[in-house]
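K.L.:
When you get a sec, could you build the whole thing from the sequences and use the hints?
There are 2 protein chains.
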Amino acid sequence: MAKNSEMVLAIDIGGTFTKLGLVNRAGIVLSNNVFKTGAKQPFGEFTKKLTKEVNQLLSTIDSSDTILAIGIGAPNANYKTGEMINPPNFIWGKSIPIKKTVQDILDRPSYITNDANAAALGELYFGLGTNMKNFVVLTLGTGLGSGIINERQLLYGNYGMAGELGHVNVFSDGRQCNCGLQGCLETYASVTGIKRSVFQLLADRTTKSILRNYSFEKLSGEKISEAAHHGDAIALQAFEQTAKILGSKMADTVAHLEPEAFILTGGLSQAGALFLNPLNRYMEAALFTAYRGKVKILLSEASSKEAVLGPAALAWQGLNTT
Amino acid sequence: MAKNSEMVLAIDIGGTFTKLGLVNRAGIVLSNNVFKTGAKQPFGEFTKKLTKEVNQLLSTIDSSDTILAIGIGAPNANYKTGEMINPPNFIWGKSIPIKKTVQDILDRPSYITNDANAAALGELYFGLGTNMKNFVVLTLGTGLGSGIINERQLLYGNYGMAGELGHVNVFSDGRQCNCGLQGCLETYASVTGIKRSVFQLLADRTTKSILRNYSFEKLSGEKISEAAHHGDAIALQAFEQTAKILGSKMADTVAHLEPEAFILTGGLSQAGALFLNPLNRYMEAALFTAYRGKVKILLSEASSKEAVLGPAALAWQGLNTT
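These protein sequence lines are chains F and P, in that order.
What the first sequence shows, in the working numbering, is residues 1 to 322, in sequence order.
What the second sequence shows, in the working numbering, is residues 1 to 322, in sequence order.
Note that these hints are calculated values from the structure, not bench results.
You may find that some hints are simply not true.
When chains are identical, the list treats them as one kind, so a pair holds in a single copy or across two.
[Said to hold, decoys possible] Lysine-lysine pairs mimicking DSBU-like chemistry, simulated, CA-CA at most 30 Å apart:
| # | residue 1 | residue 2 |
| --- | --- | --- |
| 1 | LYS100 | LYS133 |
| 2 | LYS52 | LYS100 |
| 3 | LYS133 | LYS218 |
| 4 | LYS94 | LYS296 |
| 5 | LYS296 | LYS195 |
| 6 | LYS80 | LYS40 |
| 7 | LYS195 | LYS305 |
| 8 | LYS305 | LYS48 |
| 9 | LYS305 | LYS223 |
| 10 | LYS80 | LYS133 |
| 11 | LYS52 | LYS218 |
| 12 | LYS294 | LYS94 |
| 13 | LYS195 | LYS223 |
| 14 | LYS294 | LYS100 |
| 15 | LYS80 | LYS294 |
| 16 | LYS94 | LYS133 |
P.N.:
What follows is the structure in structure tokens.
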């Protein structure tokens, strides 16, 4: 690492892994670290691990280097209060003072937003969005998260909670969602959603399928993808149904925002063309005439290690605007 | 009218009436004019009438007054090209050079946008939105138009076509829409939409109703409203169904934008509490937890004459930003 470098500390808190990185203004990850979040263990355990890992990372830099700020991306994080509000799949409590916790470890100006918003900023400054003014990032993982960029700004809404596209309604009497509603988009269009679709298809049909050998807990997005690539009819149909529902709802998002592109990340997006082709077809078929042929669907090029680019972008943006 | 006044010429082109007004910086309509648009007659006829009416309006001002700019709101108008693109219910052609036509009559800096976007700007500068940063205007007339205000700016999207909420999907195999798709929101939640719902209910049920005496052509929003106010079961059910569908889709819009409020205008909104109460109830029930109890539904207070305030706001905004 060059001496006298300026950098930010970026922290991406996920349901499974927490990723740390030191990132310079050009979006280069100078050094990084990963540990298991422990979402099902007490918050105090997380704090201990985070303290240790941050200090380990800080020990890698030269004394002439400067850490200017901290950026944090976390599920259900509110940028105004600095808290994670009731994040599903975490047992840490109803409002978790995550920003304060980080600042107690390293006292720097800190910026926080939810993980999907952070991913959108990462694409805006360092990824596929560097030349775009309006786009939407969809994170298709355990759930469906979203971050909306409008005129090169994150769209926050009135209380900083805009862009919860995982909870637009698909069917009024549809699948039960963790949020308490029924028929939310993420119960169909996410890794968990496609698993549920596979189980529905296995129940409805008599078709032979390799996927009959997995419990719900053991079934994964990769296994469904792999089965589809081998021509498994149930897996292929599950991708088709998922693409139909998500494509129709993406058309609704276009009717709101008219973005130049969607950028997809997360487990479900890793199926590639198998998913992207029907998704494009269904979205186009559902688009209002004026929008047809104008909205791209792209796959994020950020590597796993580069998940810290989102929080890093947030930190650099915060420094530039304050 | 005071001498030496500064004002803009505002033109609101509707499917039935075209409204003209001279409006000052404070949003006072100094003088105004209305004529029948003639959407089913050749465009040349409209140009003749517009020329005559604009000149008549100009004859009312003092020679010391100054008209600084022109603002135009029109169906399917594109602010970038200055054209109306294929407006439904008009026989004027596929792309109508409306901005050029107006400038040929009066040579001033001219600004154009679609009628619902203009209505949103009218609320922002002179109406219920003067103290709000984020809100959505829904015009519930023949169709359903929408204008989105984000951080006190009209949200335009990538090609200036954002905010076509009339064409989000309600049911994939739903009602036929003028736009070529099926199940669009405006086929349910508009004056035409509720007429269709009344006809569906009259077909499905044996309930007595005053509305059995009207042809589709003669049935109007006012008549359905009036019947509902008199306790007509079909009319009441039609409002209930409309509120359920629109409320659910407004919840989806909140999941995108998290506005502080919706502001409703147009024929359907004039039913008042009869419509507003179930709409509020259904929207709340469909909202993601984080949004509940935070989003207001308001009825626009602009009078019919004040329809020109939208295009006027567009003109004043244009002058301020150029």
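K.L.:
So which of the earlier hints does this model not fit?
P.N.:
3 and 11
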